[in-house]
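Q: Construct all of the structure, not just a fragment, from the sequences and the given hints.
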Amino acid sequence: MTEDKRAPTVEMVEITKRFPGVLANDRVNFSVTQGEIHGLLGENGAGKSVLMSILYGLYRPDSGQIYLHGAPVQINNPAKAIGLKIGMVHQHFMLIPNMTVAENVVLGFEPPGLVLRSRDISSRVAQFAAAAKIKIDPNAMIEALPLGTRQRVEILKILYRQADVLILDEPTSVLTPQGIDDLFTSLRALRDQGKTIIFIAHKLKEILSICDRATVLRRGKTIGTVEISRTDENELTEMMIGSKMVPTRRAKKASNGKLILQGEEITAINDRGVVALTGASFQLHAGEILGIAGIEGNGQTELVEVLTGLRRPTSGKIMLNGVDLAGISPKAALDHGVRHIPEDRHQRGIVLDFSVMENLILGDHEQPLFKGFLSQLKYRFIRRFVDQRIDEFQIQTPNRETVTRSLSGGNQQRVVVARIFNRELTLVIAAQPTRGLDVKAAEYVRRKLIELSDQGVAVLLVSADLDEVMALSDRIIVIFNGKLTATSDRPTRRELGLLMLGETKDRS
Amino acid sequence: MITTPTSAEKKVVGRSIVWLMLSPVIKIWPELAAIVAAFLVGAIILVVTGHQIGETFAYLFRGAFGSRLAIGFTLTRTVPLIFTGLAFSIAFKCGLFNIGAEGQLQVGAFAAAWVGFALPPLPPLIHISLALLAAAIAGGLWVLVPALLKAKRGVHEVVTTMMLAHVGILLTRYLVFGPFKAPGWIPHTPRIAASAELARIMPPTQLSTGIFIALACALILYWFLWKTSIGYGIRAAGLNPHAAETGGVSVTRSIVVALVISGALAGLGGAGEILGVFRRFVEGFSPGWGWDGIAVGLLGRLHPVGVILSAFLFGALRTGGMAVARATPVPLDIVVVLQAMVILFIAAPKLMKILKRRGEKE
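Chains A and B are the protein sequences, given in the same order. Note that the first sequence ends on residue 755 in our numbering; no numbers are left out. Note that the second sequence ends on residue 366 in our numbering; no numbers are left out.
Think of the hints as simulated: they come from the structure by calculation, not from any bench. Hints may contain errors.
Taking lysine-lysine and the DSSO-like style, the derived pairs with C-alpha atoms no more than 27 angstroms apart in a straight line are [as the list claims (entries may be wrong)]:
id, chain 1, residue 1, chain 2, residue 2
1, A, 332, A, 564
2, B, 231, A, 618
3, A, 578, B, 231
4, A, 564, B, 156
5, A, 452, A, 505
6, A, 382, A, 468
Computed from a predicted model, the values in this text were never measured in an experiment.
A: Below is the structure:
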């Protein structure tokens, strides 16, 4: 027995997990003690999610052993994990929309008896919520709740199942700055009650402000575990990516370029027929990066779709160099030099089962550059062209014929970005361009956006990542509830956060 | 300078030759396994129903490949299956399930027959071309309404093509029993003009030059799908309509083009039967080539070359099955069972894959 009075709650020893072609975890050691918030840090693909999926019983390790309170355990499935009081909040929530908060929380673990007394369960759930300092109405319908609140329901769900070890997979990605504060308050309360919390993240600031200790993974290996009080951002960054990296900063430019895009009172409805965008007006100049900040689901998707020809606005004008783009086809938008980095890479960005080559010409396959006599694709030229692109954009792929599905997320996004440069362009609509990418890949995409703006291309950057918007944009507009609000020249995080929640400027 | 290969080099060369010979087999092992498994199930059914396995399979094989004549019959039945297999494949490449090829085949066949008997004798090349064109147009038109409904309104094509298939079958039946019935008690139309006939190339079997038309269609379809930008758009729309749309592909246009070509190919399949085999429209001339095209396309992995191979297999099964039915008490239905088993074993692994992928997401 060790002398440390805090014996590890969970200890994972020499965990190895291999997927075809990938060594996801290479003899990883990881341990957490009771009553701590432990950060698990690493780039995308470093093996964090795989390691936690092993702990939660979703994957079985090829070798290695898990100890719980010092005793070896086999966790073959999530049910076993729940039985061992381990709970996990995934990035994608698993809630039933047309049931109440309380009903979702007790689902599968209802109190005995044939009749479910809704008053009983909602008061029980309210107790759990109060103990965890979670603000929630147990009787609210899930479908009426914003994403951030749904996350609280997921946390409640695992607390209700008596979990002692809570695994949170990138919990802050759906939250506003204020929402993050609330989450951290709850996590601290839970820690003080003796719960053990594993916090997966790739944002250093969050790890630094909430965690007691952190373990860094890099390329499937444990790099080390550090006490947060004895480390700083630089050390963690170095552990994470192996070399110091300065976040992109750029000198703000005055918008003296030519007016490229002017949105005039654009109104649009979403797929459910609800007004999602009301009277959106803005201007975008050549060489300018205009940031659209906002919590997801406030109309940015519809704005992007309207600008790229994917959605017909119900009213308003979209003037691009004096031509109205409202209601044109996506192909016509492309032909007008509007390029698009879609927010959902797998849904809109690439055809997963196409080869890298085929994806690299998507959107330009009807161009004389690639298309010849009888609509034949000029494969001889395309092959050379694509090989050059793969080289230039450092797309890590065995060859151009490789199925794009087998590439990592960062390399898939490089394909999407490389494609933008296929022909003359005047405007780039970049929607969540770095979502899910590791530090290096995200940095690469940001550099490319800056490069484009330096070449005089107008860039509209829609991002949920406030740091990204603030670092890249010359101007920032906040979108809330389908409305655009301009911000001051150099808005603070707090100002933006309040606007994103719909507070008016005068109250901030 | 010439050096003699070392033993290690020889080994590598030897291995690569074995690999070269084996690699196509390895690549299509799921299909081969499905065929073997189908025969195993067929054998079990034969045993359970009290038939001789060895005798049955021997007749099956001999009936399909045992003589020059047998091969001629097998090839004759391969031709319509190539057409309908291609028809199924191009629609499926666009993510569409054209289940109504049988109806498109029937109306195409009737159109070809009509051009054959209603027009005065013409130079053969012109007459045949007109008949083929009429069949392609009729088949294409027959699927145009489902195509437009799918593209504009999202109406599911399985329902509409299936319903229209029956309309097509019944319509041609009406035409051949009614207005276009030739004198006599058999429900068939007048014979087509000699100038519209496709020449027989392996008498006394009915194998005609239609087989070259079928092979040419497979070749053209391959070129169209993989070498042109329109085919590229169709494949993109089939694999991910959202990404295709974002990339400027008109998904609605792709749907219409893919389905109309699918219908035209099925119609050509009907024309091949009329101009090459029957020489007139005969009620019930098709034992269900259109429906069988689904299995042919799936087993052929929606690839023209695969379609040719699997059409040959299914043609052989049918021919051999008829020999079995003639020589033994085993009914022809055993062939249907074998076909169904192949589909099941081919579809099952694909389903497993989809389910597995879904499982990993959760």
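Q: Each of the hints needs a verdict: does it hold here or not?
A: Evaluated hints:
Annotation: proposed proximity of residue 332 of chain A to residue 564 of chain A is violated, straight-line Cα distance about 56 angstroms (limit 27 angstroms). Pair hint residue 231 of chain B plus residue 618 of chain A holds up; C-alpha atoms about 10 angstroms apart against a cutoff of 27 angstroms. Proximity of residue 578 of chain A to residue 231 of chain B is assessed by CA-CA distance (about 21 angstroms); at most 27 angstroms being required, the pair is judged to hold. Proposed proximity of residue 564 of chain A and residue 156 of chain B is supported: the alpha carbons are some 25 angstroms apart, at most 27 angstroms.
For the hint pairing residue 452 of chain A with residue 505 of chain A, the CA-to-CA distance comes to about 38 angstroms; that exceeds 27 angstroms, so the pair is violated. For the hint linking residue 382 of chain A to residue 468 of chain A, the alpha-carbon distance of about 38 angstroms lies beyond 27 angstroms, and the restraint is violated.
Checked against the numbered hints listed earlier, the structure breaks hints 1, 5, 6; every other hint is satisfied.
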